[in-house]
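So the chains spell out like this:
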Amino acid sequence: DAKTTQPNSMESNEEEPVHLPCNHSTISGTDYIHWYRQLPSQGPEYVIHGLTSNVNNRMASLAIAEDRKSSTLILHRATLRDAAVYYCVMNFGNEKLTFGTGTRLTIIP
Amino acid sequence: NAGVTQTPKFQVLKTGQSMTLQCAQDMNHNSMYWYRQDPGMGLRLIYYSASEGTTDKGEVPNGYNVSRLNKREFSLRLESAAPSQTSVYFCASSEYHHFLGNTIYFGEGSWLTVV
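Heads up: the sequence lines are chains A and B, in that order. Numbered per the numbering used here, the first sequence spans residues 980 to 1088. Numbered per the numbering used here, the second sequence spans residues 579 to 693.
What the hints contain is simulated information worked out from the structure, not anything from laboratory work. Predicted, not measured: the structure shown is a model, and the values here were computed from it. Glycine is no exception: its CB is placed at the ideal position from the N, C-alpha and C atoms. Just so you know, not all the hints are guaranteed correct.
Here chain A is said to cover these stretches of chain B; the calculated rule only asks that three of the stretch's residues, wherever they fall, bring their Cβ under 8 angstroms from a Cβ of chain A [to be verified]:
1) 609-621
2) 661-674
In silico contact screen, one side only, chain B against chain A (beta carbon under 8 angstroms); selected entries [what the hints assert, rightly or not]:
3) Asn680
4) Phe684
5) Gly687
Based on the sequences and whatever the hints tell you, model everything.
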């Protein structure tokens, strides 16, 4: 499995953009880049995924480096409800999917 | 939409007791998982099932057994509970799609305390 590295914690002001980085230097050519988030006392939920190109959805944007060794999850306008732990996960096919410790995002009102 | 349902939500066990955590998914997914999450930690994979009738060990399988009863259900059994197994347990399921990879859907968690 590709190993990921994320900062343990980040803070952002409410209504400001947030950029959450992830390094995955051992990513293989077939690994998808997925992001999940875990709200307090809940199970993780899917946020966004990508392979090579940048991606947007209603929750966030995903910017993928040209060499694919890093990616950034972008929350365009953070709200208090975005306070969560964010996990960057590499996966392909039916692999055992492993999660790191993620980044705990705190939103400051 | 039910998605992934796991029971019980809360359980207190005495050391040495046994119990089974039940999990069911209604999305017709082939793959199912059991993870545990200790306070302030990330998720660690206990066991994994790629399809009905198959199971495989994850990072922390010791002290647990699993059964993939059918495509819908994947149970986790603690034969002799220990305080070190106090944790939140998450069941999950997924299906691989060519342009999506393997998107995982999680249950709400089961809070287990072993005293």
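Results of checking the hints against the structure:
1. Taking a C-beta to C-beta cut-off of 8 angstroms, the segment 609-621 of chain B contributes 6 residues in contact with chain A, enough for the three needed, and the coverage statement holds.
2. A stretch counts as covered by a chain when three or more of its residues have a beta carbon under 8 angstroms from one of that chain; for the segment 661-674 of chain B and chain A the count is 4, and the coverage holds.
3. Checking B:Asn680 against chain A: minimum C-beta separation of about 5 angstroms stays under 8 angstroms; hint holds.
4. With a cut of 8 angstroms, the hint placing B:Phe684 at the interface with chain A holds, because the nearest CB-to-CB distance is about 3 angstroms.
5. Annotation: interface hint on B:Gly687 holds; nearest CB of chain A at approximately 5 angstroms, less than 8 angstroms.
Violated hints: none; the structure is consistent with every hint.
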